[in-house]
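Position in the sequence shown (first residue = 1) + 67 = my numbering.
Read the hints as simulated data drawn from the structure, not as lab findings.
You may find that some hints are simply not true.
Once the Cα atoms are required to be at most 20 Å apart in a straight line, the calculated SDA-like pairs of lysine to any residue come out as [stated by the list, open to error]:
# : residue 1 : residue 2
1 : Lys-485   : Glu-520
2 : Lys-608   : Pro-639
3 : Lys-754   : Lys-676
4 : Lys-676   : Ala-777
5 : Lys-671   : Lys-613
Derived DEER-like restraints, expressed as beta-carbon distance ranges [claimed, not checked]:
# : residue 1 : residue 2 : range
6 : Gln-784   : Phe-199   : 50 to 56 Å
7 : Glu-236   : Asn-577   : 32 to 38 Å
8 : Lys-613   : Glu-780   : 47 to 53 Å
Nothing here was measured: the structure is a model prediction, and the numbers come from that model.
Backbone N, C-alpha and C fix where the C-beta goes; we use that ideal spot for every residue, glycine too.
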Amino acid sequence: MFFPHFVFPFSSFPPPHPLEIILLKILHCQAAKVESVIAEGGASRFSASSGGGGGRGASQHYPKTVGNSILNKLTPEKFDKLCLELLNVGVDSKLVLKGIILLIVDKALEEPKYSSLYAQLCLRLAEDAPNFDGPSPEVQPAQKQSTTFRRLLITKLQDEFENRTRNVEIYDKHDNPLTPDEEEQRAIAKIKMLGNIKFIGELGKLDLIHESILHKCIKTLLEKKKRVQLKDMGEDLECLCQIMRTVGPRLDHEKAKSLMDQYFARMRSLMTNKELPARIRFLLQDTVELRENNWVPRKAFIDNGPKTINQIRQEAVKGQNQHYHNQNQGHSSQQPAQSKDMPPRFIKKGQLNADEPPQLGLKTNPPPIQEKPAKNSKRPAPAKEELLKMTEAIVTEFMNNKTINDAVAGLREMKAPKHFLPEMLSKIILCSLDRTDDDKEHASTLIHSLRQEGLISGENFMQAFLNVLDQCPKLEVDIPLVKSYLAQFAARAVIAELITIAELAQPLENGTHFPLFLLCLQQTAKLRDREWLTELFQLSKVNMQKMLPEIDQNKDRMLEILEGKGLSFLFPLLKLEKELLKQIEADPSPQAIYKWIKDNISPKLHTDKGFVNILMTSFLQYISHEMSLPEGDDQLTAPAKEQLDQEKQLLLAFKPVMQKFLHDHVDLQVSALYALQVHCNNSSFPKGMLLRFFVNFYDMEIIEEEAFLAWKEDITQEFPGKGKALFQVNQWLTWLETAEEEESEDDLD
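Generate the whole structure from the sequences, applying the supplied hints.
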C-alpha cells in the first residue's frame with residue numbers, strides 16, 4: 068500500500084462498465100426525507116403537503132445519463148455552471164458520492180488532456196460535498212480536513228495505481244501478433260494508465276494529495292522489483308516520467324532536495340542502460356534535462372490542457388506577432404530560432420561545421436543555396452523598424468501641425484499588417500506621454516479617428532495599452548506620472564466607446580497595476596460627470612472588490628479606498644448597511660424602519676438588488692444577534708425550541724417591510740435568497756438555519772416558488788457558499804418543484 072494514511076474500503080464499488088446504471092439506481096432510490104425544521108405545533112406548507120411523497124417525483128427530474136452527461140459537457144467556459152449542476156444531483160449518502168467519484172476518475176483517465184479540469188472539479192467537490200465521516204480530531208490546524216470525498220477519491224486512485232500495468236500486460240503476454248482490435252484496446256489501456264498518473268499529479272498540485280503520497284508513488288515506480296527484469300520496467304518508468312513532468316516542479320524544493328537528487332541520480336543511471344528500450348531511455352533523458360532547465364519545458368512538450376476560447380484567441384494573436392517578428396530577423400538568426408526548442412542532445416549534434424560532411428549512415432543531399440535571401444538580408448532596416456519610423460514621423464508631424472486628416476491618411480498609406488496595429492498605437496501613445504496635456508488629448512483623438520475609419524479595433528487599443536503599461540517601470544524614471552497619463556487615454560477610449568469598462572477591467576483584476584483602474588475611473592468622471600459614470604459602471608457588472616489587491620477584497624476596505632480616491636459615489640448603498648443596522652437596533656418596529664428608508668434612500672434605489680441585499684442582510688444580522696446563536700462546534704446542534712420560536716416571531720415582525728419591497732419582484736426575491744446564502748456561509752452554515760429560513764420565507768409568503776427555483780438554477784459565482792447551500796436545501800427544492808407541477812396538473816383538471 069502506498070497510501071497508508073488514506074486506506075478506506077472501496078469493495079462496494081460497482082464495476083466501471085455498468086457504472087451509469089448503478090448510479091441512476093442510486094439516484095432513483097433517494098429518499099425524500101427532510102428533517103423537520105419547524106417548532107412543534109407550527110404547521111408548514113412543506114411538512115403538511117409533502118407526505119413523504121416528494122422523493123417519488125424527484126427521480127423524474129434526472130435524465131438517464133445525468134452524471135456522465137454533465138461531465139461530457141465540462142469545458143473551462145462551462146466549468147462553474149456544470150459544477151453547480153453536479154452538486155445539484157443531491158449527494159446525501161456515501162454511495163452516491165462513490166458513484167460520482169467513479170464517473171470523474173473514469174473520465175479523467177480516458178481524457179488525460181482534461182485532467183487539470185477534472186482535478187479542479189474534485190477540489191470544488193472536496194470543499195462543498197457533505198462530509199459523512201465528521202471532523203477528524205487528529206487533523207492539525209495547518210492541515211486540510213480529510214473529508215469523505217477526499218478519502219474515497221484517494222482510495223480509488225490507489226486501486227488504479229496498484230493495478231496500473233495489469234490491463235497493458237494482458238496484451239504484452241500474447242504469443243501471437245495482436246489483432247487491430249487488440250492493438251486499439253492496448254493503446255486505450257495505456258492511455259488510462261498514464262492518465263491516472265497525470266491525474267494524481269494534477270491533484271497533487273492542488274494539495275488534494277499530500278506530498279508524502281506523491282513521493283511514495285515515485286519510489287514505487289523507481290524501485291527494482293524482485294524477479295522482474297529491467298527491460299520489463301518500461302511501463303513504470305514511463306509513468307515516472309509522466310508524474311515528474313506533471314508535479315515535479317512542486318516537489319523540487321529545498322526540504323525535498325536530497326530525495327529529488329536521489330531520484331534523478333537513479334534516472335541518470337537507468338537512461339544509459341542498454342537493457343531498456345531506446346524510447347524509455349530518451350523519455351528519462353528528456354525528464355532529466357527538464358529538471359536541469361529549471362522545469363521550463365520545451366515548446367514541443369508544453370502541456371496544452373483545456374483552454375477557454377479567449378485564451379486560444381490571445382495565443383493566436385501572440386503567435387502572429389511572433390511570426391512577424393521572426394520574418395524580420397536576418398538570415399544569420401534563423402538557425403538559433405529553429406533549434407531553441409530542441410533537446411540539448413540534438414542541439415549539440417546540430418552544431419556542426421557547414422563544411423563537414425554529414426556523419427550519418429544514409430547519404431543526404433546538401434541544403435540548397437539560397438542566394439536571393441542572402442541579398443535580401445543586406446537591407447539596412449527590417450520592415451518592422453521602417454513601419455515604426457514611419458509611424459513616429461507621422462505622429463510627430465501631427466503633434467506640430469494638428470492636421471488630423473493628414474495623419475490618418477499617412478497611417479492608412481502605410482498599409483501596416485494587422486498584427487502590427489497594436490505596436491503602431493503603442494507608438495502613438497509613447498510619442499505623446501512626455502508632451503503637453505493638449506498633445507495627449509490630440510493623440511487620443513487620432514486613435515479614435517483611426518477607429519472611425521475602420522483602421523483599428525478596440526482589441527488593438529487594449530493590446531497597445533497593456534504593451535505601454537508593461538514598460539511603465541522604465542518610463543516612470545523620466546515620466547513619474549505615466550500611469551495617470553495612461554489613465555487619461557483609457558478614460559477617453561471609454562467615453563468614445565472604443566472600449567468598455569468591462570474590457571478595461573479584465574486585465575487589471577485582483578489589483579494588477581493597482582490603482583490604475585481607479586485612476587481610469589477618476590479621469591472618466593473628470594472628463595464627463597459622476598452620474599454618467601455611475602450608470603455606465605453599474606451596466607458593466609464589474610465587481611469592484613475583485614479590482615483591489617486580494618488583501619483588500621472586503622466591503623469595509625473597499626469603501627475606505629474608494630473614499631480616498633473620491634469614487635464612493637459609485638456605490639451609494641455602501642454606507643447604507645451599517646446605518647440601516649443601527650436604525651433597526653435603535654427601533655426595530657416595521658413603521659420606524661419603513662419611515663427611515665423613505666427619508667434616507669432615494670426611491671430609485673428601492674428596486675435595486677443591492678438595496679434588497681443590504682435590507683435582508685441587516686434583518687438577518689439583527690435576528691442572529693437577538694437569538695445569541697451558539698458558535699464553533701455548538702453550531703452542529705439545532706437551536707432549542709424557544710430559540711426557534713423567537714426567530715420566527717422576529718421574522719414575522721419584519722415581514723411587512725420585506726413584502727413591501729419584494730412583492731411581485733422575482734429578481735429581487737432571488738437577491739434576498741442570495742443575502743441569506745451569504746449570511747449562512749459567513750456563519751459556517753449553522754445546522755438547519757438555511758432550510759428553516761427557506762421554509763419560513765415560503766410559509767409567510769415573503770418569497771415565491773418561482774424565486775426559489777430561479778435561485779437553484781442560477782450559476783453566478785458572485786456570492787460564496789452556493790454549493791454547500793444547495794446540498795442543504797436540494798431535497799426541499801425538489802419537493803417544491805414537484806408540488807408546483809402537481810398544482811398545475813390539478814388546475815388543468
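Cross-check of the supplied hints:
1. Lys-485 / Glu-520: Holds, at roughly 15 Å.
2. Lys-608 / Pro-639: Status holds; Cα separation ~16 Å.
3. Lys-754 / Lys-676: Violated - the C-alpha atoms of Lys-676 and Lys-754 are around 28 Å apart, more than 20 Å.
4. Lys-676 / Ala-777: 15 Å, holds
5. Lys-671 / Lys-613: 26 Å, violated
6. Gln-784 / Phe-199: 50 to 56 Å: 26 Å, violated
7. Glu-236 / Asn-577: 32 to 38 Å: For Glu-236 and Asn-577 the Cβ distance comes to about 48 Å; the hint is violated.
8. Lys-613 / Glu-780: 47 to 53 Å: Hint violated: Cβ distance 24 Å, outside 47 to 53 Å.
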